[in-house]
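Since chain A is already given, all that's left is putting chain B on it; use the hints.
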Amino acid sequence: MKELFLELKEKPTIPIEAENISTDIVAGKQMQEVRELPIYIGNTKKCLVDFFDLEGEVAAQTADQAIFVEGDLSKVKYIGAKMTAGKVVINGDVGMHLGSQMTGGEIQVNGSTADWAGVEMKGGLLRISGNAGNHLGSVYRGSAEGMTGGCIIVDGDAGQETGSFLRRGMIVVRGNAGPFAGVHMNGGEIFVFGRAAKRLGADAKGNGGFIVCLGEVEAMLPTYIYDSTYRPTFMRLYLRELNDKLGVKEAGRFIDAPFKRYHGDTAIGGNSEIFVAAA
Amino acid sequence: MSFNYNGVEIEDTFAEGFSMWGSRIVITAANRKWANIGATTMTGFATSVIACDCEAGVEREVPPEKTPDGRPGAAVMVFGFSKGKLSGSMLSRIGQCVLTCPTTAIFNGLPKEEADEMLDVGKSLRFFGDGFQAKMRMNDGWGQRARFWRIPVMEGEFLTEEKYGAKKAVAGGNFLLMGRNEAATLEAAERAIEAIHSVPNIVTPFPGGLCRSGSKVGSKYAFLKASTNTPFCPTIKHAFKESKIQDGVNSVIEVVLNGLDEPSVKRAMGAGIKAATQVKGLRKVTAVNFGGKLGKFKMGLKDCLEVT
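Heads up: the protein sequence lines correspond to chains A and B, in order. According to the numbering used here, the residues represented by the first sequence are 1 to 279, in order. According to the numbering used here, the residues represented by the second sequence are 280 to 587, in order.
Treat the hints with care, since some could be wrong.
Claimed, not checked - In silico EDC-like pairs for lysine to aspartate or glutamate, Cα to Cα no more than 16 Å straight-line:
| no. | chain 1 | residue 1 | chain 2 | residue 2 |
| --- | --- | --- | --- | --- |
| 1 | B | K345 | A | E33 |
| 2 | A | K46 | A | E33 |
| 3 | A | K245 | B | E344 |
| 4 | A | K75 | A | D115 |
| 5 | B | K446 | B | E396 |
| 6 | A | K260 | B | E436 |
| 7 | B | K553 | B | D582 |
| 8 | B | K345 | A | D244 |
| 9 | A | K29 | A | E3 |
To be verified - Footprint (simulated), chain A over chain B, 3 or more residues, beta carbon under 8 Å:
| no. | region |
| --- | --- |
| 10 | 337-349 |
| 11 | 508-519 |
Keep in mind the hints are simulated off the structure, nothing from the lab. Glycine included, C-beta positions come from ideal geometry on N, C-alpha and C.
If we strip away everything but chain A, and leave its shape as in the complex, we get (with noise of 0.2 Å):
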């Protein structure tokens, strides 16, 4: 794999748009070329290396790119949108719509991000050490599907509305997720190792998917049903990946538990479920 390094010289005032920062774009470029890449701030268009120190090279091909991004970049929007392969490590805090509408690659995020990381995601795996904003693999306001495929793993805490709209794909969060987590959501599955804020799972409406509480449940909306305690033998298989593959330890503690098994939302007829860790 090619290595780019980026660090930002200063950090900007103004949100800058940076949707450049991706493996798809750099990928097949000149240095020079990479370098003049457009930024905008505001409605003003620069070039990249007005913000960021570059070194390391440039791959033939996305699938062999790889771009570190060093700096606090919490002003820094877009990095890895829509990108299909490679990889991209930011090592610092990261502002919003990181990784918005990726299908492919993996971005590693050590630090926190701003809201809308991984929203509309269709592909890839992006994978967050601190804590998500608002919005984390949700939807934009209009579209009628938020994830449709993807898997975002948040080590620390999520913000409201995670996984709204959630059509395909997985959302873990290892810390305590905010209100309305799943919202809207019409598959896909949501993990939530700590705390699990009210309104979880409003307006959801089945198609297979369903979310996961191994912590304390805030409140469970009344309009979910508690059905039966038991021990789902196709939780095991999510769990073990999650500890095998996916580094998530604490899952492997969950294989053999027992769950209580929850349907709903029955105020829109909805057939998802909530599943709580009953141990």
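This is chain B only, laid out in the frame that chain A set:
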């Protein structure tokens, strides 16, 4: 023509195998007991397509660390004359024998990259859920995509993968063990089966892997499509002109095996013959064929011993 191996006469002939569609299923359960019950029940009455809907057998026990859900498992293989017949047999056998068996779940044991076709067995089985079945999609867009169905049952929930791999396979691998007496022949046959089961991709559908009757195509009775293998029945050797029983042979057992590919069947036959020839009292080893007129595969006993 024959040759000698470990002091036993091996007839220089071949087993005539024919093409069938084969599939592998991994059955898991809460413990080893129920995984094995599910596997043996599903593979019951599946010795030969002469009178059964399919041929099937337990390939091996699968340890928990090798199964998708981390529970004890058993790999079974099913063979049918066409994709449609195989699919139908799998559907009815899984439905009647595994879905009904406490705590079980089933997984595809023949990955897409090794299969010629993927059969919608789980997709059909889901209707048993009567509208309450739930689809389950894993790893969409980021890993090895997998599709399952969760079917509510009285005891809890039955989990099945949506598609099962099938490929053109080989049935009818065989050899005959001809011994001095019943005890020696049986011991040689048991050793052969033990050795055969060390080879992957193989099942032995008959009881304990052995067919004591043998069979031949047709009968003196018009209504019967198969009958006892008269040339190899020691008790009538002097009453039957075409008897192939030599002096000193008083018992014959046929070892029958099916496999997912010809090399596996040949290796298994070789391993079985080698193990059998360790037994004192085994006089001769031969194989059943139809002069090469019926089957696509000719698996020479000499070749089998050489590839093992």
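Right, here's what the structure says about each hint:
Proximity of K345 of chain B to E33 of chain A is assessed by CA-CA distance (about 49 Å); at most 16 Å being required, the pair is judged violated. Of the pairs offered as hints, the one joining K46 of chain A and E33 of chain A holds, with about 13 Å between alpha carbons and a cut-off of 16 Å not exceeded. Using a Cα cut-off of 16 Å, the hinted pair K245 of chain A and E344 of chain B holds, with the two alpha carbons roughly 14 Å apart. Restraint check for K75 of chain A and D115 of chain A: satisfied, since their Cα atoms lie roughly 11 Å apart, inside the 16 Å limit.
Pair hint K446 of chain B plus E396 of chain B holds up; C-alpha atoms about 6 Å apart against a cutoff of 16 Å. With a C-alpha separation of about 14 Å, the suggested pairing of K260 of chain A with E436 of chain B holds against the 16 Å cut-off. With a C-alpha separation of about 12 Å, the suggested pair K553 of chain B and D582 of chain B falls inside the 16 Å cut-off, and the hint holds. Restraint check for K345 of chain B and D244 of chain A: satisfied, since their Cα atoms lie roughly 13 Å apart, inside the 16 Å limit.
Straight-line distance between C-alpha atoms of K29 of chain A and E3 of chain A comes to about 14 Å, which keeps the hinted pair within the 16 Å bound. Counting residues of the region 337-349 of chain B whose CB lies closer than 8 Å to any CB of chain A gives 3, so the stated coverage by that chain holds, three being the minimum. Note: the region 508-519 of chain B has 0 residues with beta-carbon separation from chain A under 8 Å; the three-residue rule is not met and the coverage is violated.
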